[in-house]
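Number of protein chains: 2
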Amino acid sequence: MNSKSLSVSRRVRATPFSKRVEQAGVQAYTVYNHMLLPTQFKSAEEDYWHLCEHVQVWDVAAERQVELKGPDAAKLAQLMTPRDLRRLDTLQGKYAPICDEQGFIFNDPIIIKLADDRFWLSLADSDVRLFAKGLAIGYELNVEVFEPEVYPLAVQGPKAEELVARVFGESVHAIRFFRGEILSFEGVDMYVARSGWSKQGGFEIYVPNPEIALPLWDVLFEKGRDLHVRAGCPNCNERIEAGLLSYGGDMDAFDTPFECGLDSYLDLNADIESLSIQALREKQHTITRRLVGLAFHGEPNLSDVFNYVGGADLLVNGKKVGELRSQAWSFKFNKQLAFAMIDTDYLDNNDCIEVDGMSSIFHEIPFNPDKLMT
Amino acid sequence: MNSKSLSVSRRVRATPFSKRVEQAGVQAYTVYNHMLLPTQFKSAEEDYWHLCEHVQVWDVAAERQVELKGPDAAKLAQLMTPRDLRRLDTLQGKYAPICDEQGFIFNDPIIIKLADDRFWLSLADSDVRLFAKGLAIGYELNVEVFEPEVYPLAVQGPKAEELVARVFGESVHAIRFFRGEILSFEGVDMYVARSGWSKQGGFEIYVPNPEIALPLWDVLFEKGRDLHVRAGCPNCNERIEAGLLSYGGDMDAFDTPFECGLDSYLDLNADIESLSIQALREKQHTITRRLVGLAFHGEPNLSDVFNYVGGADLLVNGKKVGELRSQAWSFKFNKQLAFAMIDTDYLDNNDCIEVDGMSSIFHEIPFNPDKLMT
Numbered sequence: 001m002n003s004k005s006l007s008v009s010r011r012v013r014a015t016p017f018s019k020r021v022e023q024a025g026v027q028a029y030t031v032y033n034h035m036l037l038p039t040q041f042k043s044a045e046e047d048y049w050h051l052c053e054h055v056q057v058w059d060v061a062a063e064r065q066v067e068l069k070g071p072d073a074a075k076l077a078q079l080m081t082p083r084d085l086r087r088l089d090t091l092q093g094k095y096a097p098i099c100d101e102q103g104f105i106f107n108d109p110i111i112i113k114l115a116d117d118r119f120w121l122s123l124a125d126s127d128v129r130l131f132a133k134g135l136a137i138g139y140e141l142n143v144e145v146f147e148p149e150v151y152p153l154a155v156q157g158p159k160a161e162e163l164v165a166r167v168f169g170e171s172v173h174a175i176r177f178f179r180g181e182i183l184s185f186e187g188v189d190m191y192v193a194r195s196g197w198s199k200q201g202g203f204e205i206y207v208p209n210p211e212i213a214l215p216l217w218d219v220l221f222e223k224g225r226d227l228h229v230r231a232g233c234p235n236c237n238e239r240i241e242a243g244l245l246s247y248g249g250d251m252d253a254f255d256t257p258f259e260c261g262l263d264s265y266l267d268l269n270a271d272i273e274s275l276s277i278q279a280l281r282e283k284q285h286t287i288t289r290r291l292v293g294l295a296f297h298g299e300p301n302l303s304d305v306f307n308y309v310g311g312a313d314l315l316v317n318g319k320k321v322g323e324l325r326s327q328a329w330s331f332k333f334n335k336q337l338a339f340a341m342i343d344t345d346y347l348d349n350n351d352c353i354e355v356d357g358m359s360s361i362f363h364e365i366p367f368n369p370d371k372l373m374t
Numbered sequence: 001m002n003s004k005s006l007s008v009s010r011r012v013r014a015t016p017f018s019k020r021v022e023q024a025g026v027q028a029y030t031v032y033n034h035m036l037l038p039t040q041f042k043s044a045e046e047d048y049w050h051l052c053e054h055v056q057v058w059d060v061a062a063e064r065q066v067e068l069k070g071p072d073a074a075k076l077a078q079l080m081t082p083r084d085l086r087r088l089d090t091l092q093g094k095y096a097p098i099c100d101e102q103g104f105i106f107n108d109p110i111i112i113k114l115a116d117d118r119f120w121l122s123l124a125d126s127d128v129r130l131f132a133k134g135l136a137i138g139y140e141l142n143v144e145v146f147e148p149e150v151y152p153l154a155v156q157g158p159k160a161e162e163l164v165a166r167v168f169g170e171s172v173h174a175i176r177f178f179r180g181e182i183l184s185f186e187g188v189d190m191y192v193a194r195s196g197w198s199k200q201g202g203f204e205i206y207v208p209n210p211e212i213a214l215p216l217w218d219v220l221f222e223k224g225r226d227l228h229v230r231a232g233c234p235n236c237n238e239r240i241e242a243g244l245l246s247y248g249g250d251m252d253a254f255d256t257p258f259e260c261g262l263d264s265y266l267d268l269n270a271d272i273e274s275l276s277i278q279a280l281r282e283k284q285h286t287i288t289r290r291l292v293g294l295a296f297h298g299e300p301n302l303s304d305v306f307n308y309v310g311g312a313d314l315l316v317n318g319k320k321v322g323e324l325r326s327q328a329w330s331f332k333f334n335k336q337l338a339f340a341m342i343d344t345d346y347l348d349n350n351d352c353i354e355v356d357g358m359s360s361i362f363h364e365i366p367f368n369p370d371k372l373m374t
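For the protein sequence lines, the chains are A and B, in the order given. With this note's numbering as the guide, the letters of the first sequence map in order to residues 1 to 374. With this note's numbering as the guide, the letters of the second sequence map in order to residues 1 to 374.
Calculated from the structure, these hints are not laboratory results. Incorrect hints may appear among the rest.
Identical copies carry no separate label here, and so any pair may be met within one copy or between two of them.
[Stated by the list, open to error] Lysine to any residue pairs mimicking SDA-like chemistry, simulated, CA-CA at most 25 angstroms apart: (1) K19 x P215; (2) K69 x G169; (3) K75 x T90; (4) K320 x P215; (5) K19 x L315; (6) K42 x A28.
Take these sequences, add in the hints, and give me the full structure.
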């Protein structure tokens, strides 16, 4: 069983879109950055195929922003990530692991440059605001650090571009991946980027105040009727199939970017002031485990091993060689897929790896997010 | 409706007690520090009366610890709180708001001194580890900051002391409030403190490794059979009745300790090096709103106004004067109770305050945690 009842309180924040999400018949949530994030509307499979064929509007307001604003904003952003941010254009975003001085990952946001002295970290699930705040105080940086009133709404699926163009105009066609424009809706300017946590294409709209949230939602539905628009959410099956990692699930604060296969998002030779760069340079050649994709034979039911145990051990001949981190059925490949952190000793042969008594031949699925994250 | 389905993944961590919690028939969870925290077993009312009359074992592993260890541990702890920690005895805990340089609250942990160079911050729901880490790096402090493998288990209710003594020995009777001892269970030493998030009395056991978690749980149930022990959890009705605040719900990062009535946990005249003390000295006389308890006439059903809206406005003659932060029915007083942040202009008269069209005479309930937190 993979779901239980969720008690709601003000601490588990609703979003400006929650009313419509409820009306659209949301069936389940997770909690992400202390906020409700929908996880299912009809069934995992119906949600999946609809996303692959049509267009969905996702309440991803839980993808909170940390705003860095002031003369030292760029300096603070660079301190937190080993990725070189100097070549970031205005209104461009970059996938950038946030690491501490030992090289462990705290988050993997998209860092968006709004101006030379203004950045957003579009967060995965941890309070990076507190890290940024601590650094800003400790280093006496001239920068404001805060969570702005910005509520991302994603439009995802093959018909997303058409729908977003109908609402924001034809200029959206020219927006490249991880780039954005300031576009207007009912007189309110907002950042609209080609991005999103699916491989089906689409946009994220950074809604800058709660008052405009429902009007925008409603217009997307009015103009998308013939495109079969409906409410959706990040789809676990699709994202694992697509090789998109989830911070906290697939990787955590005990992992380094190398172990998670994020090597290409590090600029270890760049002459930048980053907290983690020295530790990462030292660690890069001593990796003993790596995050990989697994595809299982047959149709094992992995949901039991995820029944509130937070993962499961992987065994070869009774010896632990790694741990399962997330899993889902692939509707496209008709296979059980998973992400697992595995000792590198076992990576080069096709050993039969057991999960709780279920055997599988392991091999990598194309989980590397290279093509999606630039 | 106040509950929905919760999707579970490794990101929403299970605890070493989750297996027993499930077997005990948990009905709902919340997510707290990225971890499952049970919220209901039978009904709110059954859970409430049982807690007030017998003894419950609570899986509060989600009350994560931040450990500060090293020569600068005490310095770092003091930087984060305006409460004077110098007089803290070893194995004593103090309720201590964590504030930034502007005096806003980031968390309200119990800070426990384990040794002169070793502290635990026993957290409410936010990643204070990242704040501590940022400060340690920025100030170049000689201190380790990490989340230790410690999983608190609470034993609460009028018969808690008897049960804990049966398991850990008669010395527990001598433990004073917010004090603790290192006691042994099956050869494993652990910190046992007289504390917990209820007004019914009890202890918190800081279980130092997952292997001992289920054996300890089982012994508590074996030895507590005649005390009518059962699995429980923080009870929203009891905690509001008792005046215990919830960080993130009743107070958040846009509030100061003064606004939340936490004046007595600040040592503004102490000669301590604390980030927030200067800002708090300046802000203490300019408070324009305050967190208070409300008791409503009649039996208004407030659950609707909390239906994913994250609070509700309070009105006097149509003008907004504050916002509701949490609410629950008091089974003892037979009244609807709530915490609300209200403009101080409206505090001194018994104006009729409306909530979404429901009227109420406002007055304070004894929510100040003075007597519980020392």
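| Hints violated by the structure (numbers, ascending) | 2
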